[in-house]
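Colleague: One-letter residues, chain by chain:
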Amino acid sequence: MRRRAFLGIPAASAFSFSADSAPVPRYKVVSAYKSQAGQGMPGLFPGSVVSVHSNTSIDETTEKVNAPAVAQMVAEGMKTLCGVKDPRDAWRRFFTPQDVVGIKVNCSGAPGIMSTPAVVAEIVRNLVAVGVRTEQVYIYERFQNQLDSVNYAAHVPQGVKIVAMEGFWRGSSRNYDPKTYVEVDFFGEDDTRSNLARLVCDPLTKIINVPNMKDHGASGVTGCLKNIAYGSFSNVARSHSDARTHTLSFIGTLAAVEPLRSKTVLQIMDGLRGVWHGGPFSPSRRYRFYPKQMMFGTDPVSIDRLLLDIIENKRKAEGALSVWDRSTAHVKRGGLDSPPDVNRYIREPGHIEYASKLGLGVYDVAKIHVKKIEL
Amino acid sequence: MIAVILALVLPALYWEQGPETAPTLREAGVECVHVPAASAAAWEKAGFCHVGVSPATLEGFQKALTPGVRMIANEASATRSPWITANGWRFERAKDKRGYLYEAKAGVAALAAAEAFTYDAEALIRIEPTDLKEFGRMLGFLKRVDKPPLPSLADVGVVDDRSALVGEVMNLLLRRNVLFRALGAPDLSYSINIQLGVNYPKSEAANPGAFALKIRRQLTDDKRLLQIFGSAVVIGRFTSDGKTARLHLLNYGKRPVEGLRVRMRGSYGKPALLVAGQESSTAEDYMVADGGTEFSIPVMGAYSVVDFSVVQ
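As given, the protein sequences belong to chains A and B, one line each in that order.
Residue numbers for the first sequence follow this note's numbering, so the first one is 1 and each next one is one higher.
Residue numbers for the second sequence follow this note's numbering, so the first one is 1 and each next one is one higher.
No lab work stands behind these hints, which were simulated from the structure alone.
Source: prediction; values computed, not measured.
Straight-line distance between alpha carbons at most 16 Å, and here's what the computed EDC-like set of lysine to aspartate or glutamate pairs gives:
1. B:Lys133 with B:Glu27
2. A:Lys179 with B:Asp285
3. B:Lys214 with A:Asp185
4. A:Lys179 with B:Asp290
5. A:Lys28 with B:Asp221
6. B:Lys223 with A:Asp185
7. A:Lys161 with A:Asp148
8. A:Lys179 with B:Glu284
9. A:Lys28 with B:Asp222
10. A:Lys28 with B:Asp290
11. B:Lys214 with A:Glu189
Cβ-Cβ distance ranges computed for the label pairs, FRET-style:
12. B:Asn199 with A:Ala366: 52 to 62 Å
13. B:Asn207 with A:His369: 47 to 57 Å
14. B:Glu284 with A:Ala153: 23 to 33 Å
Even for Gly, the Cβ is constructed at its ideal location relative to N, Cα and C.
Required output: the full structure, derived from the provided sequences and hints.
Modeller: Set out below in structure tokens:
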């Protein structure tokens, strides 16, 4: 493969960002991988989202998950997305027995909120049902301690590999590909590269992205885009400094890097639980809520656009600041459970629209086709 | 007098315990020590190689700082900036690299020895006895990799007026791996010469960290001789005679660094990697592309040496 490098498009020509956003920096993207036409983001169904709600999916008091209800949600969501009657036919649209499948979970808020083990187990069950061997399934996340706090192993069949990019001591680069990276100088940091997980380059052939429904102090919300981008690259926290962050442009830039973009073929947003403030963490139940909903699609932008409204409406109902609030007067240092009238950073919910400009999906609500299912 | 006493090729241990510790020293691989002059006779009697150092001589030594890193929380951010205490900039500006004394606190004796070796500084190192084994192992490694020093390479020239302000600029340049050479006058072979009060206002250097960043950005990262990825606490010294090159890498952090990625401007042959604490090591993912040479170090502790041939 030929080594390929190009400079990112300057912001002014690509996107009219808010006047008080940090200017979009020059990104240097280096990857030897080529785009697989038609695969990955936005994938087979751009602008289409299936939203499944089940009131019995989780008990709000005990937070106990109803696995059979989850299985039904997954089956209905996948069948409707693909327009088929048998869920196995839906999974076959994406996966063959030869595939090595990565499930990108989100454990940054664990154990309060994470890609629910019952959801992940159901995904694995469906993969196995269409012939993918358990040894060809990887559940991955960046940090070992976060994965450990969930213990997926207790919920999935033997053989499934559960791997973290960084072990007990964070900061190791060994499991990231030194030849696939985004180089950028945000704030004068010394280490200016963010490298893609080796696992994504090899051996994975397909990725299922399983984010949660969460507020995020820096990016506004964290859904499909942020989970797959910040969760697959090293050295990403450097985009946050002081009140302003570079999440506006960095999230989409990372998500668009090959082979991550082409391999991420399915988005399953787990909204059994949600976080409406203080995200991505959830140290207490104070800001958790229970949408009891899952969204299915291949277009991360469309799903995240819907997520924006879910989080914004919940925040409005709770009297919290809008995710679009950009007043520096509201930005204060504080703990993870800071009040809803305090922001940790100026949020950048515009990152979703920015990603749409990079071709990752459909942002305009009027053009997003949503099929709602009530179970 | 100091030079006569020291005449050191490698850093040496300044040891204040008595000759009864000779077996422990031998076990740690330390074959010779510098000791207080008053105890020299006892060491002589014990038959252990030693050099007596008088209090007056010791007093005349320049004190090196205890090398290491401490984390400082950024005021308004979850990210953290490591603060590195390093002596490299002092060695680089020194006209005479002899007569340094490290008072190495617990846990940093090996790093102190490696730092002095990296910059060809003649130094005595007073260590905590608990660090003896680690120090001895590093000394053994330094003997293994020792060879005649090569000239250091630099990105920028800094006209040294011997002021504290210029010293702090040098410190922060080195901290950012912007390699500098201390000069008596501007040298046009460098694209950037820093002469505070002449081509850069002294007020601009009042925040030396920001000033060093400005210089880095003026130079541009692509044109830097050395870039390090995967750690914010590793500092390099790059030396070459035009035919061969040696890169020294010092890890000021307390933890091993895994997967460190190094980029050097120019074309170099496949690296021969020597990592302190490892019998053998191999550089990974070596490549020459886009005007630079890159490779990765699987894991390194306090110190690594990388030797190259220069591709013309």
